[in-house]
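2 protein chains.
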Amino acid sequence: MSAGSLDKTATIDLRRRHIGPSCKIFFSHDPIKIVQAKGQYMYDEIGQRYLDCINNVAHVGHCHPDVVKAGAQQMELLNTNSRFLHDNLVLYAQRLQATLPDKLSVCYFVNSGSEANDLALRLARHYTGHKDIITLENAYHGHISSLIDISPYKFHQLSDTVHNQFVHVAPSPDVYRGKYRADHPDPATAYADEVKEIIDKVHKKGGKVAAFIAESLQSCGGQVIPPAGYFQRVADHVHKAGGVFIADEVQVGFGRVGTHFWAFQLQGEDFVPDIVTMGKPIGNGHPMSCVVTTKEVAEAFMSSGMEYFNTFGGNPVSCAIGLAVLDVIVKEDLQGNAQRVGRYLINLLEQQKEKHPLVGDIRGCGLFVGVELVRDRLKLTPATAEAQEILYKLKEQHILLSADGPYRNVLKFKPPMCFSTEDADLVVEKMDHILTDNCMFYQIFISTLFVIYSKLPADENGLECHSGLVHSKGRSQGVRQQTKHLKI
Amino acid sequence: MSAGSLDKTATIDLRRRHIGPSCKIFFSHDPIKIVQAKGQYMYDEIGQRYLDCINNVAHVGHCHPDVVKAGAQQMELLNTNSRFLHDNLVLYAQRLQATLPDKLSVCYFVNSGSEANDLALRLARHYTGHKDIITLENAYHGHISSLIDISPYKFHQLSDTVHNQFVHVAPSPDVYRGKYRADHPDPATAYADEVKEIIDKVHKKGGKVAAFIAESLQSCGGQVIPPAGYFQRVADHVHKAGGVFIADEVQVGFGRVGTHFWAFQLQGEDFVPDIVTMGKPIGNGHPMSCVVTTKEVAEAFMSSGMEYFNTFGGNPVSCAIGLAVLDVIVKEDLQGNAQRVGRYLINLLEQQKEKHPLVGDIRGCGLFVGVELVRDRLKLTPATAEAQEILYKLKEQHILLSADGPYRNVLKFKPPMCFSTEDADLVVEKMDHILTDNCMFYQIFISTLFVIYSKLPADENGLECHSGLVHSKGRSQGVRQQTKHLKI
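Respectively, the protein sequence lines represent chains A and B. Using my numbering, you'd call the opening residue of the first sequence number 4 and step up by one each time. Using my numbering, you'd call the opening residue of the second sequence number 4 and step up by one each time.
A hint or two may mislead.
Unchecked claim - Here are the simulated SDA-like cross-link-like pairs (lysine to any residue), alpha carbons at most 25 Å apart as the crow flies:
{"hint": "1", "chain 1": "A", "residue 1": "Lys134", "chain 2": "B", "residue 2": "Lys207"}
{"hint": "2", "chain 1": "A", "residue 1": "Lys106", "chain 2": "B", "residue 2": "Ile15"}
{"hint": "3", "chain 1": "A", "residue 1": "Lys36", "chain 2": "B", "residue 2": "Arg98"}
{"hint": "4", "chain 1": "A", "residue 1": "Lys106", "chain 2": "B", "residue 2": "His359"}
{"hint": "5", "chain 1": "B", "residue 1": "Lys41", "chain 2": "A", "residue 2": "Lys41"}
{"hint": "6", "chain 1": "A", "residue 1": "Lys298", "chain 2": "B", "residue 2": "Phe29"}
{"hint": "7", "chain 1": "A", "residue 1": "Lys41", "chain 2": "B", "residue 2": "Glu79"}
{"hint": "8", "chain 1": "B", "residue 1": "Lys27", "chain 2": "A", "residue 2": "Glu299"}
{"hint": "9", "chain 1": "B", "residue 1": "Lys41", "chain 2": "A", "residue 2": "Arg86"}
{"hint": "10", "chain 1": "A", "residue 1": "Lys208", "chain 2": "B", "residue 2": "Ile15"}
{"hint": "11", "chain 1": "A", "residue 1": "Lys27", "chain 2": "B", "residue 2": "Tyr179"}
{"hint": "12", "chain 1": "B", "residue 1": "Lys72", "chain 2": "A", "residue 2": "Lys134"}
{"hint": "13", "chain 1": "B", "residue 1": "Lys298", "chain 2": "A", "residue 2": "Ser31"}
{"hint": "14", "chain 1": "A", "residue 1": "Lys11", "chain 2": "B", "residue 2": "Ala101"}
{"hint": "15", "chain 1": "B", "residue 1": "Lys334", "chain 2": "A", "residue 2": "Ala75"}
{"hint": "16", "chain 1": "A", "residue 1": "Lys36", "chain 2": "B", "residue 2": "Phe169"}
{"hint": "17", "chain 1": "B", "residue 1": "Lys72", "chain 2": "A", "residue 2": "Glu432"}
Because the hints were derived from the structure by calculation, they are not lab data.
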């Protein structure tokens with residue numbers, strides 16, 4: 004065994020020397036060294052336990068023994084490519100298919116959510132013969148070139164981005180902060196009409212829409228739950244234009260939403276996407292993923308004449324692990340647990356909303372929950388720095404939570420699916436204390452700031468200081484730029 | 004455990020129903036069902052042993068116990084993302100770096116050779132600020148959108164390909180069949196000058212070259228060994244144009260070439276690429292890969308402002324497996340074995356060349372060997388059908404070999420690195436029998452064909468028939484189109 008045990012400072016030093024500096028680390032000023040994990044708990048190098056509220060990859064719990072055993076046994080026996088027949092591949096495809104509507108029957112196994120989404124775009128373009136893609140504001144679909152193009156969450160980070168001419172961005176169907184809100188009589192139709200407008204514009208320019216792609220629930224985009232009926236209406240518009248609907252389930256699939264196995268099913272039984280992509284939780288951390296589509300799309304792709312071969316995709320080890328994950332979800336009723344604990348967690352958080360003005364919105368399904376923090380419930384001023392402060396304070400108390408969304412002010416819960424009501428109690432209790440302290444701290448802080456502020460020269464008045472972080476006052480664009488550096 | 008044991012016909016049936024038809028299988032008319040493997044041997048469902056001459060992914064031998072153990076132990080302990088500190092990540096990066104020239108010091112861990120090459124293009128474009136890419140004829144760099152664009156091996160398969168305007172194809176430095184051959188006084192310079200010409204054309208059109216990318220030895224392109232000095236001269240031209248040199252080691256790295264750990268090192272110590280991509284053998288089948296580059300390139304990438312996060316890349320399990328693979332290569336002197344057995348194999352094959360006119364060229368380094376079959380040693384008419392016949396006959400005798408190159412007439416040896424001289428004896432002995440039989444068969448066949456041929460109407464004379472396969476006579480394009488259907 005080559006991996007020894009280094010001092011934390013030595014680990015940090017080696018990382019600085021040999022790992023790309025674009026690969027960020029959580030809590031970079033004092034990163035965590037995790038050496039072990041079990042269920043919903045992670046342990047650092049001195050044995051301190053952290054409650055993990057963020058790892059949606061360790062879906063059935065970190066290092067689940069059934070998954071480890073399935074992987075280890077198959078690794079001993081055979082690990083080769085899918086150009087040979089193997090039962091694991093076909094049985095796994097059959098089991099995955101059984102969780103989906105009948106028409107989604109053909110699988111392609113790949114190695115990551117990014118590879119899955121790239122293949123989905125290729126399938127859509129071959130099937131339709133069209134090129135244009137409609138994506139959502141704040142969407143994140145992966146880290147490879149073709150996906151950065153369709154991920155405003157990523158390409159907005161670039162200073163000199165050249166927008167891909169075939170990519171069109173529709174408003175995020177966010178009924179809290181978006182263009183059409185909860186008080187709108189029919190936000191589903193209104194948001195879908197925005198997609199229709201884009202289609203019309205594409206047509207006017209002589210283009211043709213290959214696909215509309217959306218995460219079934221936006222995660223990096225700020226835990227956004229689209230209004231029911233939105234996907235149906237969008238699919239109608241897109242199908243009429245000859246395009247297909249791609250549902251990206253990379254972050255939210257496999258029972259996380261509790262009531263359904265797939266998050267797109269929250270929209271109603273009358274909605275079936277043409278292509279579904281999977282990822283993160285599918286192998287409980289093992290690098291694997293899948294694209295599922297219809298026979299018609301698959302046949303069109305084949306008729307292009309190009310073989311599809313993926314060296315590691317669908318190997319017997321990955322499929323054994325994938326099967327074990329499905330087994331554990333059923334055996335331990337993790338989907339049911341997600342529903343029960345998710346409901347419990349949301350109730351606790353709703354109480355926090357009543358108690359603390361900073362909590363602007365609680366939204367979620369199952370164990371996919373967002374807590375949007377705002378400084379003002381009417382103006383919805385994003386409480387970005389406060390969100391970061393809460394994360395840091397929770398980390399000091401050994402609770403791992405993250406924040407995301409365009410303003411990084413949405414606390415994201417997406418824990419392993421074995422998360423318990425006791426875990427929910429613990430994290431909300433700690434949040435409550437922080438929010439209570441924060442409120443007192445904030446009042447003292449604001450008074451102090453007022454004194455300093457009034458003494459500053461005029462040209463510095465545009466900045467306000469909070470918890471040591473600097474923001475452009477009230478200008479959302481400024482907040483967005485700053486939050487890049489705040490990300491943990 | 005969910006994966007049972009199906010009848011072979013049931014496996015085939017389920018595969019037909021649930022796996023994308025573009026995912027081809029070896030020997031599709033009678034595919035092999037492999038259930039177990041060890042070292043360089045694979046076993047089918049009735050216990051028949053196959054000698055594996057093709058799996059360069061199972062690098063240190065199928066299911067190597069040290070690799071399996073390292074993976075299983077780490078899976079039990081922790082498998083999470085690289086936003087937490089972990090020793091495996093940094094120690095593995097350090098160990099990989101130690102195999103490379105000093106200036107290649109910064110690693111990015113990803114999940115597949117395709118992800119690695121896509122990231123390499125992104126790094127090159129961010130660092131240089133340029134867009135144009137120069138690639139080689141017959142090159143294969145991966146299956147995702149951005150890489151199909153730079154892989155003539157793939158995009159030539161499409162009937163309606165639209166060539167990417169930023170991609171430029173230089174001649175493959177193939178001194179057997181290429182533009183400049185062994186009898187040329189300086190093929191390295193001549194081929195490099197072709198790249199220079201492309202750069203000049205790009206500049207004339209107002210473009211700027213971001214990168215030249217090449218497999219250090221072309222594999223799918225037909226086991227091509229570029230003349231020494233070619234990469235240095237290309238690098239000179241590309242650097243002068245402000246671009247970088249990307250060496251794709253996905254197929255050929257990790258000691259396969261015997262004399263060196265990396266195939267680009269065959270070019271001489273004075274050549275160092277700016278970016279190296281790795282893949283297939285790196286994890287002995289576990290889905291992982293890596294991009295290594297210089298500090299300067301890494302810093303330029305970071306300064307773009309975009310974080311790079313790869314969910315599975317660099318997780319502790321992948322790194323433990325990667326470390327174990329490096330350990331086994333050293334412990335079992337597999338690089339030395341590749342050199343010794345490779346030399347032995349090439350000697351045996353050279354004897355076949357003396358004996359059988361069909362064997363046109365033997366080329367290789369270590370356990371990366373190509374046998375190019377030709378019907379005419381002067382005209383170099385590709386013996387495509389004969390190559391396929393040999394593969395099928397070897398398969399009947401439980402030896403797995405493949406053929407590739409633009410005419411699918413190059414037999415490819417790239418076995419697990421524990422391949423032995425006895426294995427080499429066995430496969431060459433079987434090939435000898437097949438070639439001897441084939442010679443007799445071929446003479447009878449040609450006589451028969453002559454009788455039929457002389458009776459055909461004139462407009463059918465453009466086709467010649469061999470082993471039941473139809474080819475356009477002497478027109479390489481025709482051969483190329485046909486070979487699509489021949490691929491096993």
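Here is what the structure says about each hint:
1. Lys134/A with Lys207/B: Violated. Lys134/A to Lys207/B sits at ~29 Å, over the 25 Å cutoff.
2. Lys106/A with Ile15/B: Holds - the C-alpha atoms of Ile15/B and Lys106/A are around 20 Å apart, at most 25 Å.
3. Lys36/A with Arg98/B: Holds, at roughly 20 Å.
4. Lys106/A with His359/B: The hint is violated at about 54 Å.
5. Lys41/B with Lys41/A: violated (32 Å)
6. Lys298/A with Phe29/B: The given pair, whose Cα atoms are some 22 Å apart, holds under the 25 Å limit.
7. Lys41/A with Glu79/B: holds (9 Å)
8. Lys27/B with Glu299/A: With Cα atoms ~18 Å apart, Lys27/B and Glu299/A stay inside 25 Å; holds.
9. Lys41/B with Arg86/A: The hint holds at about 18 Å.
10. Lys208/A with Ile15/B: violated (46 Å)
11. Lys27/A with Tyr179/B: With a Cα-Cα distance of about 47 Å, the restraint between Lys27/A and Tyr179/B is violated, given a limit of 25 Å.
12. Lys72/B with Lys134/A: violated (47 Å)
13. Lys298/B with Ser31/A: holds (20 Å)
14. Lys11/A with Ala101/B: Holds. Lys11/A to Ala101/B sits at ~22 Å (cutoff 25 Å).
15. Lys334/B with Ala75/A: The given pair, whose Cα atoms are some 23 Å apart, holds under the 25 Å limit.
16. Lys36/A with Phe169/B: Distance ~43 Å between Lys36/A and Phe169/B Cα, so the pair is violated.
17. Lys72/B with Glu432/A: The given pair, whose Cα atoms are some 42 Å apart, is violated under the 25 Å limit.
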